[in-house]
Amino acid sequence: MLTLDRNLLHRFGLLLVILIVGLALSVLTDTFLSVANFTNVARQISINGILAVGVTFVLLTAGVDLSLGSVVALSGVACATFAHPGDHSVFVPIAVGLLTGAACGLVNGVLVTRGGVAPFIVTLGMMTIARGLALILSGGRPVADMSNELTALAGDLFGIPIPVLCFAGVAVAAWFFLRNFRLGRHIYAVGGNENAARAAGVSVERVKLFAYTLCGLLTGLAGVVLAARITTGQPNAGQAYELDAIAAVVIGGTSLAGGVGTITGTLLGVLLIGVINNGLDLMGVSSYYQAVIKGVIIVGAVWLDRRQARS
Amino acid sequence: MLRALELRKDFGGLTALHPTSIDFHPGEVHALMGENGAGKSTLMKIIAGLYRPDGGQVEWRERPAEFASPHDALVAGIAMIHQELMPIPDLTVAENITLGREPCSAFGRIDRPAQLLRAKELLGELESDIGPTRLMRTLTVAQTQVVEIAKALGRQADVILMDEPTAALSDHEVAALFRAIARLKARGVAIVYTTHKMDEVFRLADRISVLRDGRLVGTAPASELNPAKLITMMVGRELADVFPVRHSPSNEVLLEVAGLTREPAYRDISFQVRRGEVLALAGLMGAGRTEVVSAIYGLQPASSGQIRLNGSPLAIRNPQDALAAGIGMVTEDRKGLGLIPALGVGQNITLSALRDLSRGPLVDHTAEASAADSQMSEFAVKAKSPSQPIAQLSGGNQQKALLARCLLGAPELIILDEPTRGIDIGAKAEIYTLIQKLARAGKGILLVSSELPEVLSLAHRIVVLRRGSVSATLDAGSTDQETVLRHAMPL
Numbered sequence: 001m002l003t004l005d006r007n008l009l010h011r012f013g014l015l016l017v018i019l020i021v022g023l024a025l026s027v028l029t030d031t032f033l034s035v036a037n038f039t040n041v042a043r044q045i046s047i048n049g050i051l052a053v054g055v056t057f058v059l060l061t062a063g064v065d066l067s068l069g070s071v072v073a074l075s076g077v078a079c080a081t082f083a084h085p086g087d088h089s090v091f092v093p094i095a096v097g098l099l100t101g102a103a104c105g106l107v108n109g110v111l112v113t114r115g116g117v118a119p120f121i122v123t124l125g126m127m128t129i130a131r132g133l134a135l136i137l138s139g140g141r142p143v144a145d146m147s148n149e150l151t152a153l154a155g156d157l158f159g160i161p162i163p164v165l166c167f168a169g170v171a172v173a174a175w176f177f178l179r180n181f182r183l184g185r186h187i188y189a190v191g192g193n194e195n196a197a198r199a200a201g202v203s204v205e206r207v208k209l210f211a212y213t214l215c216g217l218l219t220g221l222a223g224v225v226l227a228a229r230i231t232t233g234q235p236n237a238g239q240a241y242e243l244d245a246i247a248a249v250v251i252g253g254t255s256l257a258g259g260v261g262t263i264t265g266t267l268l269g270v271l272l273i274g275v276i277n278n279g280l281d282l283m284g285v286s287s288y289y290q291a292v293i294k295g296v297i298i299v300g301a302v303w304l305d306r307r308q309a310r311s
Numbered sequence: 001m002l003r004a005l006e007l008r009k010d011f012g013g014l015t016a017l018h019p020t021s022i023d024f025h026p027g028e029v030h031a032l033m034g035e036n037g038a039g040k041s042t043l044m045k046i047i048a049g050l051y052r053p054d055g056g057q058v059e060w061r062e063r064p065a066e067f068a069s070p071h072d073a074l075v076a077g078i079a080m081i082h083q084e085l086m087p088i089p090d091l092t093v094a095e096n097i098t099l100g101r102e103p104c105s106a107f108g109r110i111d112r113p114a115q116l117l118r119a120k121e122l123l124g125e126l127e128s129d130i131g132p133t134r135l136m137r138t139l140t141v142a143q144t145q146v147v148e149i150a151k152a153l154g155r156q157a158d159v160i161l162m163d164e165p166t167a168a169l170s171d172h173e174v175a176a177l178f179r180a181i182a183r184l185k186a187r188g189v190a191i192v193y194t195t196h197k198m199d200e201v202f203r204l205a206d207r208i209s210v211l212r213d214g215r216l217v218g219t220a221p222a223s224e225l226n227p228a229k230l231i232t233m234m235v236g237r238e239l240a241d242v243f244p245v246r247h248s249p250s251n252e253v254l255l256e257v258a259g260l261t262r263e264p265a266y267r268d269i270s271f272q273v274r275r276g277e278v279l280a281l282a283g284l285m286g287a288g289r290t291e292v293v294s295a296i297y298g299l300q301p302a303s304s305g306q307i308r309l310n311g312s313p314l315a316i317r318n319p320q321d322a323l324a325a326g327i328g329m330v331t332e333d334r335k336g337l338g339l340i341p342a343l344g345v346g347q348n349i350t351l352s353a354l355r356d357l358s359r360g361p362l363v364d365h366t367a368e369a370s371a372a373d374s375q376m377s378e379f380a381v382k383a384k385s386p387s388q389p390i391a392q393l394s395g396g397n398q399q400k401a402l403l404a405r406c407l408l409g410a411p412e413l414i415i416l417d418e419p420t421r422g423i424d425i426g427a428k429a430e431i432y433t434l435i436q437k438l439a440r441a442g443k444g445i446l447l448v449s450s451e452l453p454e455v456l457s458l459a460h461r462i463v464v465l466r467r468g469s470v471s472a473t474l475d476a477g478s479t480d481q482e483t484v485l486r487h488a489m490p491l
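Residue numbers (my numbering), protein chains in the order written: chain A, 1 to 311; chain B, 1 to 491.
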């Protein structure tokens, strides 16, 4: 009961912060409060959102994935390589992008579970390996000349941007999964107390393998969506994307120690970061200052939350 | 010189030490005796400033002392050698021995030659030839123990508390330690000493205090006691009225263990559990009881030996295999191997049997909720709701929830490792009743317990382990605590 209340309080508090920031921006700028801008925000947060949902699974198992940004780039390049007009059906590059991401996640998972190497190190290694592979695969140049069918993925469907639909679909599916699947419960159990979960008959290795692979798959999806949006496979894309994603998840109340967290929390975290980014842009704050302000807000939000949790 | 006055310590609503008063005198070895969990370590840790007492006080040199930390106690002249060794593995032997008291030259630089010399001197007192420049991590457990003793000697303390200092030592090292203790005595140092080894007590102690269930049974000069008297004092003579009636087991063998071995923890362990039987594994801490049952449950498989259930051999590599075969276990380490603290009581209970409460990969929330509810009421788990995080419950209720988890999958063989440790008497009685109910229903129960009255009253037969080997198999109806202890004690 207590935790439930605290979760509600936490989410309510976060929602309140988002509303306050939104209100402030509505007063400070005359462009924030408009359908066009809201669509814009939604479009901007969708890639970070997909990544954040994926990495929520990994963080719930008390792991971490630092390779998100690099794998986004690698998946994007892999996707673009198969997306030249007239080469293949549009499904081929999409599948290639998704599978590339999933493969990276699977490798991460195998090294963490079978190799017994700390997730921090494994995914740090994958971060540079995937970046290197992206550069090798593309020869260091953006892979351009993508088919219209693929770049159409960045367009609208029924007036809603397709990236936003992807994000929404991923979020709903993840929410349903964690709530209703046995494997979802096992993820919480493994993150809460790995040894106890094993003693209760949970296959800890399988659970972790799943979490890293799923995270990789969603990272691949983010790579495909990004490639479609910038109409190239950019080997240098996605720099430091993992930081925004992890920040969003943690702001959303997921514990880095594992076992505690929700998808709704992650969504709110993504939204907060998105609104702040958008607001700073609209106010014409220099990107140098933006970086500093964002960092302060991330640490501040988590600090406030933890202080509240202790009391 | 040192006096414990009505010291009391509670751990989460459970009293580990009832008000206890003992005087300790200079130049005297005072042995604290008692079974596991009798309160010896608790008492020592309060004196050494590791625990704050919940009542009473420590009197030091005729004045009340408030040691807020081990450091305070050390400064006052009280040092402790801990049962759990705490070396810093990547420092050298000399650095460990002089830790916190490094000889320094000008500007606080450590005087290495003096440091080495000091370490050599102290190790010399223990007649040890461990090289002071070796890294701690390269030492054996026995050598580590010697270093820890040297460290305490180096404090120049007036009181040295020794919590099972010889647990890991060879006879030669023990003899050297005893000679060092004799020299300390001659210097007027007070020694407080705990051990499970009978012979040591009578070779070493001037005075003996016996603790049982957190209470002082009595203090007497060692010359007025003998091993038999001491064991009787340690074991006591009450209880038994909370224990339900035993029923006779069937003749059908449920579990058969043959030649189970994993060196160095245990070797050649063989026994049978029949349907309807409660078989207890008895023995001192470190005798290998938990290791043996962990192997049967797949937590840490044995390296050789056979496990048969209902006559068919099993290859158990992990708990999933055990659960699938019909073996359930409630582990000794409730926090480490039992609870998922942030999950609700209900979800903790259903964790092992979740597959049976699912439709395909999806959890059947209705079935789960009703299973959790019925288990909670059957096992009298008191919680505000099934969604209350299990971490918020009392120890007894947590234990009942873990029993409920284990039994939800209806295992045929149930392993209970210290099922009543750290829970109150009411919850204990409920668990005793439950064990007999399960036995009556034809289940086999493998019980590990350090509480001898519990073992004697609940079990049909008792397998006693001593240093990883079976030392006796006793019929619980025709044996007594003294006999069990005699087989358990390493002599």
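Calculated directly from the structure, the hints in this document are not laboratory data. Take these hints with a grain of salt, some might be off.
What the hints assert, rightly or not - Coverage of chain B stretches by chain A, computed from C-beta distances (three or more under 8 Å per stretch; other residues unrestricted):
(1) 153 to 163
(2) 332 to 346
Said to hold, decoys possible - Sample of chain B residues lacking proximity to chain A, with all beta carbon distances greater than 12 Å (derived):
(3) His-71
(4) Ser-105
(5) Gly-442
Bear in mind the structure is a predicted one, so any value in this text is a computation, not a measurement. In this text, a Cβ means the ideal position worked out from N, Cα and C, and glycines have one as well.
Now the hints, each set against the structure:
Given a C-beta distance limit of less than 8 Å, the hint that chain A covers the region 153 to 163 of chain B is violated, as 0 residues qualify and 3 are needed. Counting residues of the region 332 to 346 of chain B whose C-beta sits closer than 8 Å to any C-beta of chain A gives 8, which meets the bar of three, so the coverage hint holds. Distance check on B:His-71: its Cβ is at least 27 Å (rounded) from any Cβ of chain A, clearing the 12 Å threshold; non-interface status holds. For B:Ser-105, the requirement that its beta carbon stay farther than 12 Å from each beta carbon of chain A is met, with the minimum near 40 Å.
Listed as outside the interface, B:Gly-442 is consistent with that label: its C-beta sits roughly 23 Å from the nearest C-beta of chain A, beyond the 12 Å cut-off.
In terms of the numbered hints stated before, the structure departs from hint 1 and from no other.
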